[in-house]
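Visitor: Mind docking chain A on chain V? Use the hints.
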Amino acid sequence: MDTRVADDIHAPRQTSWLDFAKTHFRDYGMLLSLLAIMLFFQVVTNGTLLRPLNLTNLVLQNSYIVIMALGMLLVIVAGHIDLSVGSIVGFVGGLAAVMMVRYGIDPVTTTIACLIVGGLIGAAQGYWVAFFKVPSFIVTLAGMLVFKGLTLALLGGMSVGPFPTVFQRLSSGFIPDVFGGEGFNYTSLFLGVASVLALVYFSFRSRANQLKHDVETAPFGLFVFKNALLAVLIISFCYLMATYRGLPNVLIIMAVLIALYAFVTNRTTIGRRIYALGGNEKAARLSGIKTERLTFLTFVNMGVLAGLAGLIFAARLNTATPKAGLGFELDVIAAVFIGGASATGGVGKVTGAVIGAFVMGVMNNGMSILGIGIDYQQVIKGLVLLIAVFLDVYYKKK
Amino acid sequence: MNAILEMQGITKTFPGVKALDNVNITVKAGEIHALVGENGAGKSTLMKVLSGVYPHGSYSGDIYYDGQERRFKGIADSEELGIIIIHQELALVPLLSIAENIFLGNEQAEYGIIDWSAAFARTKELLKTVGLNESPDTLVTNLGVGKQQLVEIAKALSKKVKLLILDEPTASLNEKDSDALLALLLRFKAQGISSILISHKLNEISKVADSITVLRDGSTVETLDCRLEAISEDRIIRGMVGRTMADRYPKHEPKIGETIFQVENWSAYHPIHTNVQVVKGINLHIRRGEIVGIAGLMGAGRTEFAMSLFGRSYGQNISGRVLLHGKEIDVSTVGKAVSNGIAYVTEDRKTYGLILDEDIRKNVTLAHLNGVSERLVIDDIREMKVANDYRRRLNIRSSNVFQQTVNLSGGNQQKVVLSKWLFADPEILILDEPTRGIDVGAKYEIYTIINQLADAGKGVLVISSEMPELLGMCDRIYVMNEGALIAELDAGEASQEKIMHAIVKGGRR
Numbered sequence: 001m002d003t004r005v006a007d008d009i010h011a012p013r014q015t016s017w018l019d020f021a022k023t024h025f026r027d028y029g030m031l032l033s034l035l036a037i038m039l040f041f042q043v044v045t046n047g048t049l050l051r052p053l054n055l056t057n058l059v060l061q062n063s064y065i066v067i068m069a070l071g072m073l074l075v076i077v078a079g080h081i082d083l084s085v086g087s088i089v090g091f092v093g094g095l096a097a098v099m100m101v102r103y104g105i106d107p108v109t110t111t112i113a114c115l116i117v118g119g120l121i122g123a124a125q126g127y128w129v130a131f132f133k134v135p136s137f138i139v140t141l142a143g144m145l146v147f148k149g150l151t152l153a154l155l156g157g158m159s160v161g162p163f164p165t166v167f168q169r170l171s172s173g174f175i176p177d178v179f180g181g182e183g184f185n186y187t188s189l190f191l192g193v194a195s196v197l198a199l200v201y202f203s204f205r206s207r208a209n210q211l212k213h214d215v216e217t218a219p220f221g222l223f224v225f226k227n228a229l230l231a232v233l234i235i236s237f238c239y240l241m242a243t244y245r246g247l248p249n250v251l252i253i254m255a256v257l258i259a260l261y262a263f264v265t266n267r268t269t270i271g272r273r274i275y276a277l278g279g280n281e282k283a284a285r286l287s288g289i290k291t292e293r294l295t296f297l298t299f300v301n302m303g304v305l306a307g308l309a310g311l312i313f314a315a316r317l318n319t320a321t322p323k324a325g326l327g328f329e330l331d332v333i334a335a336v337f338i339g340g341a342s343a344t345g346g347v348g349k350v351t352g353a354v355i356g357a358f359v360m361g362v363m364n365n366g367m368s369i370l371g372i373g374i375d376y377q378q379v380i381k382g383l384v385l386l387i388a389v390f391l392d393v394y395y396k397k398k
Numbered sequence: 001m002n003a004i005l006e007m008q009g010i011t012k013t014f015p016g017v018k019a020l021d022n023v024n025i026t027v028k029a030g031e032i033h034a035l036v037g038e039n040g041a042g043k044s045t046l047m048k049v050l051s052g053v054y055p056h057g058s059y060s061g062d063i064y065y066d067g068q069e070r071r072f073k074g075i076a077d078s079e080e081l082g083i084i085i086i087h088q089e090l091a092l093v094p095l096l097s098i099a100e101n102i103f104l105g106n107e108q109a110e111y112g113i114i115d116w117s118a119a120f121a122r123t124k125e126l127l128k129t130v131g132l133n134e135s136p137d138t139l140v141t142n143l144g145v146g147k148q149q150l151v152e153i154a155k156a157l158s159k160k161v162k163l164l165i166l167d168e169p170t171a172s173l174n175e176k177d178s179d180a181l182l183a184l185l186l187r188f189k190a191q192g193i194s195s196i197l198i199s200h201k202l203n204e205i206s207k208v209a210d211s212i213t214v215l216r217d218g219s220t221v222e223t224l225d226c227r228l229e230a231i232s233e234d235r236i237i238r239g240m241v242g243r244t245m246a247d248r249y250p251k252h253e254p255k256i257g258e259t260i261f262q263v264e265n266w267s268a269y270h271p272i273h274t275n276v277q278v279v280k281g282i283n284l285h286i287r288r289g290e291i292v293g294i295a296g297l298m299g300a301g302r303t304e305f306a307m308s309l310f311g312r313s314y315g316q317n318i319s320g321r322v323l324l325h326g327k328e329i330d331v332s333t334v335g336k337a338v339s340n341g342i343a344y345v346t347e348d349r350k351t352y353g354l355i356l357d358e359d360i361r362k363n364v365t366l367a368h369l370n371g372v373s374e375r376l377v378i379d380d381i382r383e384m385k386v387a388n389d390y391r392r393r394l395n396i397r398s399s400n401v402f403q404q405t406v407n408l409s410g411g412n413q414q415k416v417v418l419s420k421w422l423f424a425d426p427e428i429l430i431l432d433e434p435t436r437g438i439d440v441g442a443k444y445e446i447y448t449i450i451n452q453l454a455d456a457g458k459g460v461l462v463i464s465s466e467m468p469e470l471l472g473m474c475d476r477i478y479v480m481n482e483g484a485l486i487a488e489l490d491a492g493e494a495s496q497e498k499i500m501h502a503i504v505k506g507g508r509r
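Residue numbers (the UniProt record's numbering), protein chains in the order written: chain V, 1 to 398; chain A, 1 to 509.
Same shape as in the complex, but just chain V (with noise of 0.2 Å):
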């Protein structure tokens, strides 16, 4: 009967710029937002924002909160919460520094160790939230109190420390010259150009397949804006990094995380799964999704990513204090949600999260060096959070 075929399948997909910013508003309304929160700090501190020394801060000081931004978002994607981060935090620092300076054990057997450590309480959380339906607020609020005493028992009260070099080199370390440059790295700026050429020829080899196959892309000349964008945003950081000390380690264990967890999230069948768990759980289930078992995952990931951060920040400090890690759950958490992700799950994207993360970060450091006391700095950083996402909300509605 009805043979309508829908003939608008080979329609010409090339939306015109106002089409495509406005059905992209929030993918490239997040990016805008940060660089205009970048440009007004840059104005109001009179350029210390942007130093390289300053600059360098920004990316030590966020590492951490960035790289458990990653695991809470597929957290928060698949339709939970974890509280517990900030303790987890401060308990796998903890037991690092009891190994290394109480007992002797080696950084590296150190670290593999705290990493799986992580896991185990990421598994020992997950495990209830997954197979038994407690619901992952309560059982991550009982694993943040948890995890906050046996800091508190592990280290008896006092602050463990120093490490040794190799250790701190994990956060304060720098990548080597390997051009021996003076006073400028030669090998963080190859590394920016590096980066800015795979990133085009990546982006062009997509569109050019997308064009072949029809698929919405974006207008050309916004496709080059955007690439022409980050190209410049991405080498004139490793330039004015190159003329400070270089790219610090943290920054490349930090870019390939993002890197693996975009493509997880954006290419992987078990990131589309995850998607669709939290999108419908009940669906997914029906659709043959081992739903308790990813979510499980999740949870074993969020745990080892915070074990991670909290090498790095014990490596940063170095010292593990019974009270590192304090509140940092709350600030992944809001990163995440500012980055877009959905409260009720199956929304959310790696960048914004990660974008949402630096703007956090550049609000307290651009606070800080404003002047601005601790007690207001937390009641602009909790507008911005509300004021995010009810434009979020709010777009999505109309």
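Errors might be hidden in some of the hints.
[What the hints assert, rightly or not] Lysine-lysine pairs mimicking DSS-like chemistry, simulated, CA-CA at most 27 Å apart:
{"hint": "1", "chain 1": "A", "residue 1": "LYS498", "chain 2": "A", "residue 2": "LYS255"}
{"hint": "2", "chain 1": "V", "residue 1": "LYS396", "chain 2": "A", "residue 2": "LYS350"}
{"hint": "3", "chain 1": "A", "residue 1": "LYS327", "chain 2": "V", "residue 2": "LYS290"}
{"hint": "4", "chain 1": "V", "residue 1": "LYS212", "chain 2": "A", "residue 2": "LYS385"}
{"hint": "5", "chain 1": "A", "residue 1": "LYS350", "chain 2": "A", "residue 2": "LYS336"}
{"hint": "6", "chain 1": "A", "residue 1": "LYS189", "chain 2": "A", "residue 2": "LYS128"}
{"hint": "7", "chain 1": "V", "residue 1": "LYS290", "chain 2": "A", "residue 2": "LYS350"}
{"hint": "8", "chain 1": "A", "residue 1": "LYS280", "chain 2": "V", "residue 2": "LYS282"}
{"hint": "9", "chain 1": "A", "residue 1": "LYS350", "chain 2": "A", "residue 2": "LYS385"}
{"hint": "10", "chain 1": "A", "residue 1": "LYS48", "chain 2": "V", "residue 2": "LYS396"}
{"hint": "11", "chain 1": "A", "residue 1": "LYS443", "chain 2": "V", "residue 2": "LYS282"}
{"hint": "12", "chain 1": "A", "residue 1": "LYS189", "chain 2": "V", "residue 2": "LYS396"}
{"hint": "13", "chain 1": "A", "residue 1": "LYS350", "chain 2": "V", "residue 2": "LYS282"}
{"hint": "14", "chain 1": "A", "residue 1": "LYS350", "chain 2": "V", "residue 2": "LYS133"}
{"hint": "15", "chain 1": "A", "residue 1": "LYS73", "chain 2": "V", "residue 2": "LYS396"}
{"hint": "16", "chain 1": "V", "residue 1": "LYS133", "chain 2": "A", "residue 2": "LYS336"}
{"hint": "17", "chain 1": "V", "residue 1": "LYS282", "chain 2": "A", "residue 2": "LYS336"}
{"hint": "18", "chain 1": "V", "residue 1": "LYS290", "chain 2": "A", "residue 2": "LYS336"}
[Unchecked claim] Take a look, some chain V residues computed to stay more than 10 Å from chain A by CB distance:
{"hint": "19", "residue": "THR45"}
{"hint": "20", "residue": "VAL59"}
{"hint": "21", "residue": "LEU330"}
The hints are simulated quantities; they were obtained by calculation from the structure and are not laboratory data.
Note that the structure is a prediction, hence the values are computed from the model and not measured.
All C-beta atoms in this analysis are idealised placements derived from N, C-alpha and C, irrespective of residue type, glycine included.
Guide: Chain A alone, transformed into the frame defined by chain V:
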């Protein structure tokens, strides 16, 4: 007879779409007025204008009710005047009791303190009126959809209803409950309550309606008066689709082969009430190219049987054997059932079938991601091609495969769910109420797809509460009652009377 309601020249636009274009409808006092049209014709929008969901000012045109022009600002305004709408998606709070639901927002209270004995007494009365034999303190979540529907009607009656609007009230009801509901409407009519009945089930409309307004693409096509002459279903369909539909079911010559699927002695118990056996020793078989139906009343255990079979998604203490091509297969998890060639298309596509926030593409490939990926990495382009292919083959009406499924009409959503399972390439496809709540045109398309599947050598099991559908589509029909199969009829000998007869006889056992 006086008109209780006149809506004149109603036009309602949404950004980019004219949902209603100069629609006129007149409902006389004490009549049952049917509103029909394909999905997307504007029926629900019109009712939302009437009930004040879209307030005065957001549409153009006039509403006269009870002799006066009305400008409703919200549902509260229209409810106050006795216009009560019962939506297709029921608006009950699952974890509250029947009594609490009925008086929600209208509690039997003095100074804010609820008089429970009065509420319970009133509820009992109302439940008796609608013919629902349940205790007022039963939680709504423990009721089936059909009974929930009756609770909604009881709730409407608890207010002073003068014009009752029912949006697809029988969509999820079986024949018997539908008849009871229609009888109820006739009783209301005798009491002077007018109703507007929106339905896709044209046989019901011919049975009870006094007049019929047909909408197509947001405009009034015609109003038919059933009191002057009997209006045939074909006549209504002609108005709805703008053409005659020669046959409701596509012509099909079955090519039936050997037995490919057998279920032996399948039993399952209720997930909470462990001693209640919901599925009782089912034995059935399906042959290659055969479309087999399961008829039965609501609550007969058909969905429960299908879901317990499909990866133990329902019940506990499940026992029995499943054989495909004579070999026993493992169906203990959904994943295993799917990889062993079984697919189950749920009766509730929004809750169990779709990821509504995701686009068509991601929904289509969800059950068989391995088919579009290489070592866990999804091939975007291949996935797109697959999605576009199904979009074209099943005629899924959408701007492209990147459209969110939440924005599709019921028929197109159902096609997306079907696509998902077709892509998983099953040997046996179990379809649970495959055409519930979708329009005549889309139904025909779905029937055509089912026939094509059978012709491709698959076995199809159709569960449906619409007996004409089973009779029109199936080569063989099992009748299920109280968890057991009680009769098996060939297409040639089956009739509605025989099926009902079997059920009634079975019920007496």
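Visitor: Run the structure past the numbered hints and jot down the numbers of the failing ones, going up.
Guide: Per hint list: single violation, 12.
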